[in-house]
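*Asks:* Protein chains in written order, with my numbering: chain A, 125 to 1048; chain B, 125 to 1048.
You can take every hint at face value.
Sample of chain B residues lacking proximity to chain A, with all beta carbon distances greater than 10 Å (derived): (1) G212; (2) S229; (3) G302; (4) V334; (5) N359; (6) R429; (7) E511; (8) D518; (9) H543; (10) K646; (11) N678; (12) Q736; (13) K759; (14) R810; (15) M898.
Computed, partial: chain B to chain A, Cβ under 7 Å: (16) F944; (17) I965; (18) E969.
Bear in mind the hints are in silico, worked out from the structure with no lab data behind them.
Think of the CB as a built atom: it goes at the ideal place given N, C-alpha and C, for glycine as much as any other residue.
There are 2 protein chains.
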Amino acid sequence: MKKYVYSFGGGKADGNESMKNLLGGKGANLAEMAGHKDLKLPVPPGFTLTTEVCTYYFKNKGKYPSGLINEVENALKKVEKLMKRKFGDPENPLLVSVRSGARKSMPGMMDTILNVGLTEKTIPGLINQSGGNERFVYDAYRRLIMMYADVVMEKAEGIEPEKEDMAIRKQLEKIMDGIKKEKGYSSDTDLKAEDLKILADKFKEKIKEVLGKEFPDKPEDQLWGSIGAVFNSWNGKRAVSYRRIENIPDEWGTACNVQTMVFGNMGNDSATGVAFTRNPGNGENDFYGEYLINAQGEDVVAGIRTPAPINQYSQSEHNKDLSTLQQIMPDVYNQLVDIRNRLEKHYKDMQDIEFTIEKGSLFMLQCRTGKRNGVAAVKMAVDMVEEVLIKKEDAVIRVSSSQLNELLHPEIDPKTEIHLKPIAKGLPAGPGAATGQIVFTAEQAVESVKQGKQVILVREETSPEDVEGMRAASAILTARGGMTSHAALVARGWGKCCIVGCGALSIDIDKKEVYIDGKILKEGDWLTLNGTKGNVYEGKLPMMNASESNLLLNEYLKICGAIKKLGVRTNADTPEDAYKAKQFGAEGIGLFRTEHMFYGKGSDEPLFILRQMIISSTPEERKKAIDKLFPYVKKDIKETIAAMDGFPVVIRLLDPPLHEFVPKEEEKLVQLAKELNITMEELKERAESIHESNPMMGHRGVRLGITYPEVTEMQVRAIFESSAELLKEGKKPYPEIMIPVVCDVKELLNQKEIVDRVYKETLQKYDLKEIKYMYGTMIEIPRAAFVADQLATVSEFFSYGTNDMTQMGFGFSRDDIGAFLPDYIEKGILKNDPFQTIDIIGVGEIIKLGIEKGRKTRKNLEVGICGEHGGDSDSVKFCNKVGMNYVSCSPYRVPIAIHAAAQAIVEEKQQINIKPKKVRKIRK
Amino acid sequence: MKKYVYSFGGGKADGNESMKNLLGGKGANLAEMAGHKDLKLPVPPGFTLTTEVCTYYFKNKGKYPSGLINEVENALKKVEKLMKRKFGDPENPLLVSVRSGARKSMPGMMDTILNVGLTEKTIPGLINQSGGNERFVYDAYRRLIMMYADVVMEKAEGIEPEKEDMAIRKQLEKIMDGIKKEKGYSSDTDLKAEDLKILADKFKEKIKEVLGKEFPDKPEDQLWGSIGAVFNSWNGKRAVSYRRIENIPDEWGTACNVQTMVFGNMGNDSATGVAFTRNPGNGENDFYGEYLINAQGEDVVAGIRTPAPINQYSQSEHNKDLSTLQQIMPDVYNQLVDIRNRLEKHYKDMQDIEFTIEKGSLFMLQCRTGKRNGVAAVKMAVDMVEEVLIKKEDAVIRVSSSQLNELLHPEIDPKTEIHLKPIAKGLPAGPGAATGQIVFTAEQAVESVKQGKQVILVREETSPEDVEGMRAASAILTARGGMTSHAALVARGWGKCCIVGCGALSIDIDKKEVYIDGKILKEGDWLTLNGTKGNVYEGKLPMMNASESNLLLNEYLKICGAIKKLGVRTNADTPEDAYKAKQFGAEGIGLFRTEHMFYGKGSDEPLFILRQMIISSTPEERKKAIDKLFPYVKKDIKETIAAMDGFPVVIRLLDPPLHEFVPKEEEKLVQLAKELNITMEELKERAESIHESNPMMGHRGVRLGITYPEVTEMQVRAIFESSAELLKEGKKPYPEIMIPVVCDVKELLNQKEIVDRVYKETLQKYDLKEIKYMYGTMIEIPRAAFVADQLATVSEFFSYGTNDMTQMGFGFSRDDIGAFLPDYIEKGILKNDPFQTIDIIGVGEIIKLGIEKGRKTRKNLEVGICGEHGGDSDSVKFCNKVGMNYVSCSPYRVPIAIHAAAQAIVEEKQQINIKPKKVRKIRK
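Work the whole structure out from these sequences, hints included.
*Replies:* Spelled out as structure tokens, the structure:
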């Protein structure tokens, strides 16, 4: 026969931690604490009705499985025996709590009833147990009545009051307020035993009047009413909608835990508290917790009294004058420390525990894996590996991607932020926080920073011309653009705080004002941004710096590095970026964007020449500009390859549509016209002629290389000549030449002719026999994946440009999604922003197709990814799964990628282990 | 032993027509004419060295297969026997021609040597044969020497003269010119026998001097020299590059035909001519040809003498005074008519024949399927089916798509066009030709046409605001844009002549001038466009109208309709378009674009309201505009569904990005601001806020429907209410509601809620039980194909939007490809404009994937295509192959689609028939 009720307590338990599906999280942990041979903790005895009771109950329209009543009665008898009390006994009554507990925690979504078993008859017994504390008992009684009326008699019966203030709970509260007013009391605690007695009577009258039923005075009725209410709360409105959001299946059901009541408010020898087995704020290996003398759990939550520290490690500014538990109850404290040590050893992770001390006796009420911040998570993981408590694989899984991210960026002090309302919200484009004074132009940003100010650049949107100002500013805030808009890409590349697409901003650049939420902010006013959340705050908020020393991070990354198989490279456009990424553990550059060298370099010269090249109308004009540009390009490439000495450097040839480089300011246009010796009219005409309707799908990438082979040649020559010079200097250059925006193998063949020729010329010029390099392509156009087998005949490597692939795959212009993507996420049409996390079923399939086809032609094809997704944890795992060789991301995402790559290995291994065994076929 | 030489002549032949791969096209046809039992035509006897000789020759560095010399000798003996002449015989010599002949015709790319066998010794014999015509013989001799020196002694030996005028041919021509000058002759024909004798000697001296070798005087040397030269010419520069272009494999090789010389220039009883078995200009079943008395083939080509008509049917303005062959040689003519009849019966197609009459004897030199224009092709196909000469399947294959196209559009008189050079070239966006006076604005176009003028609208590019002017103009010419730019799409939809992306234009709209090719053209100047070729001509050229009566076309389409299986629908936005397409045989509307109703309708009212709707900033403003718009939308939809009574009408909900509808002219903006009661500043701000960087991938299609559900609702209501009213009127409406730009099934589910609700409301309002309709999606975003299995759970039909799919698949913005696509085509990177013909290996694979996935979920899923490709012949065949249910195209492409759909069936059947038989496995 199926077992529906699992007992625990007295050093024994029918269940254990592994039975979460059947007993729920709470029930399984109670059983584990109570019954495991290494623990046998003082858990108040009780029993758990399984989730199967719940599913049966709903399948059978509120009927319980046969035999359940018997099982509950037997379990209750066990508890009575252990507690030496009897349920409903007037002399020595047993009281119980009845709580829900699903597989997955659904905090506050389901119901609880305490003090079940307290009746007119058992009240004297409880007074006796409490040493004559009448007030305590009548307070417990009125609480039971309120809770029961609300949860069991109203909600569980499906009664919906017409108005909110007609709910039974509200009506009872009104009565209580009336008495308080009458007596001139300010707080509930002022109510005396007499008052509470009267209150209980009035409550019962009201209940009869409103709900037409008596409040039950039989303990059994209370128990079964509570059990039914707990099961019914699984299908309560809040619980159902929570499950929708969290994707929890309806058919799981909840368990129901019936447990002996213990009271921390039975006097000064009683207390209640919460503790963490290690410090959840910094990860140090110290027992950390708070407690309140003569109090219940809800008093700790209510925050009326300041909890005291359990020991010296738990002291803070607020509570340093209060006595520690260690000081006032040294025996109980030592007992708790012993429990803490056993719990850590047993669970091999930091635990969050709840305890109650009833008249000097310690009881454990809850135990679960504790939440922690990023630094703490990493610190604990590293320490526990050192303590040989966990394996490296565990350490990899133990830290989440967002926790690791916290180590990389400053944050607003959470104690301050929690109390504030943002004045606007945007897309969290660059993580971390920053505070600064508003400026509206890139020039002003540079200027202000020179004057020693800290500024936030506020723009409609940014363009490459703003780059110097963006570099100078502490953070960037834009009214438009998506997660991969110019501002977002640039900021993320630098690890800079940035919020984009903040639609609430209305900028008047002439008046130097921005209107947000009805407020007018002027240049120089302070703003604080939380770029991790996308929150904009008014004023200057206190910041918490990310741990300056990266020692901890590096130690953790070493652990991850030992596990991962996927290579991690960086997207870097300058030698500085390259060095930074190398420190984090990058194994090469996966994307060097030639065009990025033209911006934010102090000197305008190369950008100016580039513009000359672009605006040229004859091959001669163009050649002139290209020749002037060559030394700049070569210098930058050489320095970057040198910085990555011995590691590969993927250099992407000129990619963006030309018109992106045409200056917008009159002044620069005049200068350009002058240099080219043409009229402004002519210049504007030429600029107009390269304007495009949809530049993302226009004349860019290899298409430029095909129409202007001389531009390809210049870049290729810079690559080979700098490599040749580095070879002569004894370095180990390893460039990979990457052709962007390719859709057909003939494009690759066309450009390869130039590469082959320049390669030969360079060998001759430098008298070399060989320069090691690879020739390959970006895969960012859907068609490229379909013809990948052909591409791989020429291409020695593929690098997925997932930004563009997502643009083309979805038909989403990343600069324009602000108009509809928020609606898409809100209405649940898309789960994630596909520019953040690879869309596995669509774009992911395109990627897989390309890899399969490519490797069919070229078995050892090197495959990587260089889009923004290379720094997204879920996307990195996808890349690992589909067999890429490496991911590449901006320097500040390298740790995230290394970590995700390691997690991918561990998770894949776990999945293999939990693969269901083959089911034996049944013969007919 | 392998047979290398195939004889023909004397009513016999070793080969036949089916052996083109071995004997080449010419050799196979000569064999067929000479040897087939139904023909046995008077073909001058000869023999063919197979293509295998050629491939052997190249594989073995110029060596022939053993036994070849013997085979040639034997074949030659046969010819000698038949001709009763002997090769090299002084008394009665046999002369031969030596010609190339590959599998596929490579006109003029390889070499020919005539009069081989003429030597010092055989000259008297030939004089004797010719009845003492010394001049004829010496002229033949000097021709042989010139040809032989050029082709055999110089080119085939691989000698490359330093300068062009040092080539032996040029040097010999110089000598001849010298003699003519000396004697005061103006023409070659003035040269007398004596002169030619001297010339021959001088030629030989020069050859010795320049090439260091004697001109061979032995017939065998001449023959083998010529054979080797013919084979070598397979690898000549011209032939090789021609093969590259035409994709002819190098390993095919050429055959070599050695054939008895016959002479049409032996006197007035000799002649030469060409003829077609039917009139190639109009297809009438009349024998049609021209001939020249006492002349050789090359004289006809040279065009010095006007050829005479062979009969009354061949008379024209130019030759009507000349005697017909029928008149002057009635016996030979009758013999020719008899041959003509037998050839048609045998080949079952119109033949192009060459004949020579030598001293009253008729010889057939060539016979091949004759080229014809569009009208003729269709006429012949229809006639031959009626004559039971061919089957319907043959008639379908016999006409090419471009020939059929000729019937649909006017053309420039080809006799004029052939002599003119275009002043500019652009993309052939709208087929047919037109002539008119230049105007630069849509308003001016409308104005001028009202004044009775014929105009061509010349624009940088067009926008929806130009539509009325475009409709008024005879043709449209734009400087920018690709084959699917706005101008191209609109023009093609109307069957209007249009050239786009004509980069050579530089328009000064203020001065009302356009600069082309250094010329300045003003408003009112005449231009003529050939929209089929993309050519722009200056001035007013004479036009040929497409046959006004469509009787022939309709008869032909009936034949095609009986064969095809694929449905053909039309893209129509007005009832007029719908009627036109229905006349052509369209079986429904595959694409009705709601937004198109707003343009070119005479009244600005609906467009104005639409703009109000777009620029609304609150739901209330928007609701107001939508309510005003509703009656217009409903009226248009109702009329169109009514026009297609009984046939399905696919109605696409609003598709384009909103900003496309924002007016550009100040005047209209002012009016709009007034109506909305907002300032111009506010209006411009709102307009700016919907501007997008890449509108093609922006806020459009279903994305609009999701952010503005009220817009979807209005359109859906218009569809259901008009259908309901038509049902009440006894009509059979069958709307298919199509959601555009879909990338995820949740988009479809979101919109379906609106459709379901409005459907129920409409049934109630009109008291109906059912309105038949379908709900489906466009597949135009790559991701949609990947999730097609999910889409098909909701979508009852798929319609491929191949324009957008090509844009996203390639990452090609169709408005911007002008900057690089011409380069791509020219450099051979792409074979076709993928917006013209579906790119089978890329976009085609995406389409296939979508169909497979879709039908996996919904077996009877209706699949069609509504992009521009639906009117492209190759693309229609692709659609047939991948199992679509229908194609849809603009009304003027409907005949093309019907034809292509029929061809697809016949071609697929043929391919099944020619499938190679399974090769028997050889046991080890």
